[in-house]
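**Q** Please build the complex by placing chain E on the supplied structure of chain B, with the hints as guidance.
Here are the chains, one letter per residue:
Number of protein chains: 2
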Amino acid sequence: MSLPSTLVQNSVQWLSEAAPCDAVVVSTRVRFARNVAGHPFAPHATSLILQRVRRDIGEAFAQAPHFNEYYSLEMTDVSGTERGFMKEARLVSKEMERGGASRAVYVAHDLRSSVMVNEEDHLRLQALEPGFQLARAQEALTQLEAEIGRALPYAFHPRLGYLTACPTNLGTGLRASVMMHLPALALKREVESLAAPLQRQGLTVRGFHGENSDHTGDHFQVSNEVTLGRSVEEIEELLAATVNAIMEREMEARSLLLTKGGVAALDTIWRSYGVLTNARKIDSNEAMKLLSRVRLGIDHGCFPHLTHAGLNALVAEVQPGHLVLRHGAGEETEERDIVRASLIRQILTAQAQQ
Amino acid sequence: MSLPSTLVQNSVQWLSEAAPCDAVVVSTRVRFARNVAGHPFAPHATSLILQRVRRDIGEAFAQAPHFNEYYSLEMTDVSGTERGFMKEARLVSKEMERGGASRAVYVAHDLRSSVMVNEEDHLRLQALEPGFQLARAQEALTQLEAEIGRALPYAFHPRLGYLTACPTNLGTGLRASVMMHLPALALKREVESLAAPLQRQGLTVRGFHGENSDHTGDHFQVSNEVTLGRSVEEIEELLAATVNAIMEREMEARSLLLTKGGVAALDTIWRSYGVLTNARKIDSNEAMKLLSRVRLGIDHGCFPHLTHAGLNALVAEVQPGHLVLRHGAGEETEERDIVRASLIRQILTAQAQQ
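Going down the list, the sequences are from chains B and E.
One point on numbering: in the numbering used here, the residue at position 282 of the first sequence is 282, and numbering is uninterrupted.
One point on numbering: in the numbering used here, the residue at position 240 of the second sequence is 594, and numbering is uninterrupted.
Bound-form chain B, shown alone (with noise of 0.2 Å):
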């Protein structure tokens, strides 16, 4: 099987709703490891127990009402392309990327939910929400992790909370994550700036996709690194706290780069606008660079037609694998430079003539 075609069709939907604070914050992920009590942790277990894991899972979930309404996938079952696809949408990490027996996915049909088997942990469950929505992602978190709870045992412990294959998720098992593009402070080199105090908080600034990954136009992810010794509302009122902070000193760095760089800054915002409604090839970096400079220009009314949700669900759709499933391009770079190009322009004109 490929992977079901409303799944590819949906994609970018819940990023390209309007949502709170989404002109700095592109979206909200919460997510729970988990596992099964009475099972070896994944990376220890044979794949007999992985195997027998997954089955217990599968039957768990067959069961559970809730879980009607989800995508079932076997990584086993997906090619290479599709599970590149799935880590662009956000629905598996890295990890799961890579694929391998007794792997799977659970997707929500809205694509806000999902949750992963047999990764680093027998469980992975994470809820989405565009912009700023640590709340409405955690409710809808918690409601998934009950769910499961009543059809199977998770493995935890009085003292330490649930159990995890990696000690740094243990107690919570809770990583939430906030996904914000800062091209204002990345433009003032602020973000390094920014990022040792949080360290000394237990949050943590990455990149795009993740541990590892850069900040590709300018994109960065606060979560918190702490699981253990802090209650799951303790841990998102400080990482709230923190991402309104920033937020704020984004704002205040934008405003103040339009007024003081005057005719420069509108210069290089409109020049940025006018290349991506005009190139015939792109690649992902420039997409991005220019993107982030289209960003600066919503707020300033230079784009009265574009939208700031718009525009993530943009940055989201001109990934590789996005171009690949959606938009019928090849696996040749210089393919998918010129099939990007024209979804740009496609998806900025059109959005102009509204």
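Keep in mind the hints are simulated off the structure, nothing from the lab.
Ideal Cβ positions, reconstructed from N, Cα and C, are used throughout, including at glycine.
Heads up, a few of these hints could be off.
Claimed, not checked - A few chain E positions that, by computed beta-carbon distances, are all more than 10 Å from chain B: (1) Ser426; (2) Arg543; (3) Leu582; (4) Leu620.
Said to hold, decoys possible - Cβ-to-Cβ under 7 Å is the rule here; a few derived chain B residues that face chain E: (5) Val263; (6) Tyr273; (7) Gly274; (8) Thr277; (9) Ala279; (10) Arg280; (11) Lys281.
**A** Okay, now just chain E, sitting in the frame of chain B:
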């Protein structure tokens, strides 16, 4: 007094007419160097003699009905900016732009012919036509020469022909120049290899602003070097054959560029157009470079709303003096860059809406 407003208003009108070969040839110019018999040449004349020459010419022109439709401008009456403007409009030479006592210029109301007084020679007569129109320009020039000849005796020697201050103009006193736009040959760096054989035939290739100027925006002037020992017809026949050959090579290079260059070539053209239609400030060099690429796009059918003649006029219009006198820019470079960008946007977009 300052320049007549109708002169300023009409400075690019003749260029914006569709004309033969305007895809490659911007304009055709022919000029005769003439001196009034019985007076020393201007470079050797005292200021008193120059005054007398100016007065004699003024009186003769006042009698000739032909010059009713000419603006008459004393160089001491117009500002440096205005002289620069006339230089850009090709009505006066670089030397005349410097101004000076007893120097004047007569300009036809349609700006297609002008007469400079007391430049290197007492009289420099010229006729301009858009595109490649040697015969038509020569006809206008011959008529103008006859008109003046009826009122004033030219310094003439039976064996040497018309006498001129500099021996390089002796004989016919003719310089016929064809301004060509050669973006494809320039890209292939083939213009230099064209120039050498021309020299051997008594022709020369110069930059946008004539002698010692650079090839701004891939513009090249092809003109005769030799004025003595050949008739006007012989000179112009040779020039025409040469221009035709260069034109053919340029068109060949353009079509090769687009067939071989494929998407990359189209991409460069469209990006140039995108920057031109969106930039908020642009300097003269960049504008010329990008407009050069737009020219290639017109040939390829990318911009059905643009014409070569319109582009020729636009190239003339974005010159500094034109921005100041026609579009209210100040003398500051940045201010002119802003007005230039705005004008280019307006013109390219207004044409897009037609």
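**Q** Run every hint past the structure and note whether it holds.
**A** Quick rundown of the hints versus the structure:
1. Ser426: 41 Å, holds
2. Arg543: Non-interface label on Arg543 (chain E) holds, nearest chain B Cβ at 24 Å vs cutoff 10 Å.
3. Leu582: 52 Å, holds
4. Leu620: At roughly 5 Å from the nearest Cβ of chain B, Leu620 (chain E) sits no farther out than 10 Å, so the non-interface label is violated.
5. Val263: Cβ of Val263 (chain B) sits 5 Å from chain E, so the hint holds.
6. Tyr273: Hint holds; Tyr273 (chain B) Cβ to chain E Cβ min 6 Å, cut 7 Å.
7. Gly274: Hint on Gly274 (chain B): holds, closest Cβ of chain E at ~3 Å, below 7 Å.
8. Thr277: Nearest chain E Cβ about 6 Å off; hint holds.
9. Ala279: 5 Å, holds
10. Arg280: Cβ of Arg280 (chain B) sits 4 Å from chain E, so the hint holds.
11. Lys281: Since chain E brings a Cβ to about 5 Å from Lys281 (chain B), closer than 7 Å, the hint holds.
When held up to the earlier numbered hints, the structure conflicts with hint 4 and nothing else.
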